[in-house]
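Novice: Here the protein sequences come in this chain order: A and B. Counted from 1, the first sequence has number 11 at position 11 by the numbering used here; the numbering is strictly sequential. Counted from 1, the second sequence has number 1382 at position 382 by the numbering used here; the numbering is strictly sequential.
The set of hints was computed from the structure by calculation and includes no laboratory data. Incorrect hints may appear among the rest.
Pair by pair, the computed Cβ-Cβ distance ranges are [to be verified]: (1) Asn1163/B with Asp63/A: 28 to 36 Å; (2) Leu74/A with Leu1006/B: 37 to 45 Å; (3) Glu1100/B with Asp63/A: 50 to 58 Å; (4) Arg64/A with Asp1033/B: 53 to 61 Å; (5) Asp1150/B with Glu77/A: 50 to 58 Å; (6) Asp1384/B with Leu74/A: 30 to 38 Å; (7) Asp63/A with Arg1115/B: 29 to 37 Å.
Simulated coverage check for chain A against chain B, where a stretch passes if three residues somewhere in it have a Cβ under 8 Å from a Cβ of chain B [what the hints assert, rightly or not]: (8) 28-41; (9) 68-80.
From the three backbone atoms N, C-alpha and C, an ideal C-beta is built for every residue, glycine too.
Next come the chains, spelled out residue by residue.
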Amino acid sequence: MLIPHPLLGLRDAEEFVYLGDASLMQRPDPDSPTALTDFCDYVFLRDNPAGVHRELWFHEQGDRSWLVVTRNTLTHEILGAELATDAARPTVTQEPSA
Amino acid sequence: MKFSALRVVKEALTGHKGWKPLWRNPQPQPDYDIVIVGGGGHGLATAYYLAKTFGKARIAVLEKGWIGSGNVGRNTTIVRSNYLLPGNQPFYEFSMKLWEGLEQELNFNAMVSQRGIINLFHTDAQRDAFRRRGNAMHLSGADAVLLDRDALRQKVPFLNYDNARFPIKGGLWQPRAGTARHDGVAWGYARGADMLGVDIIQNCEVTGFRINAGRVRGVETTRGYIGAAKVGVAVAGSSSRVMAMAGQRLPIESHVLQAFVSEGLKPVIPGVITFGAGHFYISQSDKGGLVFGGDIDGYNSYAQRGNLPVVEDVAQGGMALMPMIGRARLLRSWGGLVDMSMDGSPIIDRTAIDGLYLNGGWCYGGFKATPASGFAFAHLLATDRPHETATAYRLDRFATGHVIDERGAGAQPNLH
Ligand SMILES: Cc1cc2nc3c(=O)[nH]c(=O)nc-3n(C[C@H](O)[C@H](O)[C@H](O)COP(=O)(O)OP(=O)(O)OC[C@H]3O[C@@H](n4cnc5c(N)ncnc54)[C@H](O)[C@@H]3O)c2cc1C
Chain A
1 MLIPHPLLGL
11 RDAEEFVYLG
21 DASLMQRPDP
31 DSPTALTDFC
41 DYVFLRDNPA
51 GVHRELWFHE
61 QGDRSWLVVT
71 RNTLTHEILG
81 AELATDAARP
91 TVTQEPSA
Chain B
1001 MKFSALRVVK
1011 EALTGHKGWK
1021 PLWRNPQPQP
1031 DYDIVIVGGG
1041 GHGLATAYYL
1051 AKTFGKARIA
1061 VLEKGWIGSG
1071 NVGRNTTIVR
1081 SNYLLPGNQP
1091 FYEFSMKLWE
1101 GLEQELNFNA
1111 MVSQRGIINL
1121 FHTDAQRDAF
1131 RRRGNAMHLS
1141 GADAVLLDRD
1151 ALRQKVPFLN
1161 YDNARFPIKG
1171 GLWQPRAGTA
1181 RHDGVAWGYA
1191 RGADMLGVDI
1201 IQNCEVTGFR
1211 INAGRVRGVE
1221 TTRGYIGAAK
1231 VGVAVAGSSS
1241 RVMAMAGQRL
1251 PIESHVLQAF
1261 VSEGLKPVIP
1271 GVITFGAGHF
1281 YISQSDKGGL
1291 VFGGDIDGYN
1301 SYAQRGNLPV
1311 VEDVAQGGMA
1321 LMPMIGRARL
1331 LRSWGGLVDM
1341 SMDGSPIIDR
1351 TAIDGLYLNG
1361 GWCYGGFKAT
1371 PASGFAFAHL
1381 LATDRPHETA
1391 TAYRLDRFAT
1401 GHVIDERGAG
1411 AQPNLH
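So that you can see chain A by itself, here it is in the shape it has in the complex (with noise of 0.2 Å):
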């Protein structure tokens, strides 16, 4: 598999670690009233679903970036990759244009 990093263009898989599914970025709120189970379902319930899956990889060989890689878990196709970090900023509702 080769993943399309936004900086350095197509790299080979083997040279990153998998982590899982990129919602895992998304932490519950520690003093939310229903935090224990938030926070048990974040550690050991997984989505896994057959078909297109949004997941962590990271450049370990490479630059050290953490990606998160859009993949056909059914196919192994790589439909797209990006910074993790600009998947986590939150998105910025553009104003409308005159």
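Fit chain B with the ligand to the known structure of chain A by using the hints.
Specialist: Positioned in the frame of chain A, the structure of chain B with the ligand alone reads:
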């Protein structure tokens, strides 16, 4: 139809015209008392023990493909009971005992061969850990022998003992472990269940559950709706997919594990040898092929095929351990879909939905568990209580902190 030596001779003399199909090909009934989803080793064994040991009737096994198309027909056939933790080891030893009587039980040649397994160690710390494991095995009634370097050299002289990175210091040997013919196990249980009246329905994919007031009423399938008082799901790598149809999220990721077979060679490898440090294990089939594998590829996958980096990694592990196999040619390789649980241990339990039961999370080690898993799942389905060797395999153990973490690596399915 009973198998015996006499029967084989008789058939040989009469042109083999008397053999019959091993199981019927029935139409699904409108409803059953118990429906098992998944006709792999675990589903078939469950149906068999439900009918045989627990006296249940009106049972169906629904399989989306054909019997043996899943992991039961894709694994490297190793059976062993060399676990450490009290939640696991008695269960696997129970399974080992069932293996020892399986062929007589089923009147079917599953080619169970107790040729032994040796786990290699390379450091003093590993030796201590294996000694502890061996003691845990003894406590469960299993057999274990710690071999030092000289004793090991007697048994397997062909290893590279002086590898600079992983010099071999000895091994933990379980003489009663070994291999079994994986297809034979599926066929033997299918035939046994069929003879007891279980309907084995192939090409029948479960596409949904009918759930009413918190209770399962039946399953939607590609061959129509089938009612059921109880439904047991045993679909291995498809566990998350199938349980999602019942609105359940599981502590499981599906990964791909590859396996490899060489051309047939004269007998060279006496038992099973595992080289954990080098991510490599090997045995030799009765046909002579070297059967070997290594780690999972390490990313979520439902593709039932792996990629080249792991092929290379496994080949390197083999060369580091036993350079003598370097000129053997690879005949085939394939991948299977393994249900990696978050602590590396399985689940045999009820679910949040009444009448719906789950058997899954077998990771890459569920073949050896087939008899005990079927027995324990049948026990649960029949009595609503866990079997005494399977009380730790609860679905809620992740929430309560009672994880069974053999590797001590935490919640990381791609590490186990
Ligand atoms: C390459 C490889 C090597 C392995 N080596 C070993 C080993 O040496 N020792 C060991 O102990 N274990 C080993 N394992 C693990 C072992 O094979 C599995 O843990 C075990 O076979 C899983 O249980 P099963 O036999 O019931 O699974 P399967 O045979 O996979 O059965 C599950 C069945 O469910 C069916 N199914 C899925 N979805 C549906 C649906 N919606 N409706 C109906 N049916 C459905 C599938 O078609 C499949 O037939 C290995 C696995 C692999 C892939």
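Novice: Could you check the structure against the hints above and give me the numbers of any it violates, in ascending order?
Specialist: Violated: hints 2 and 7.
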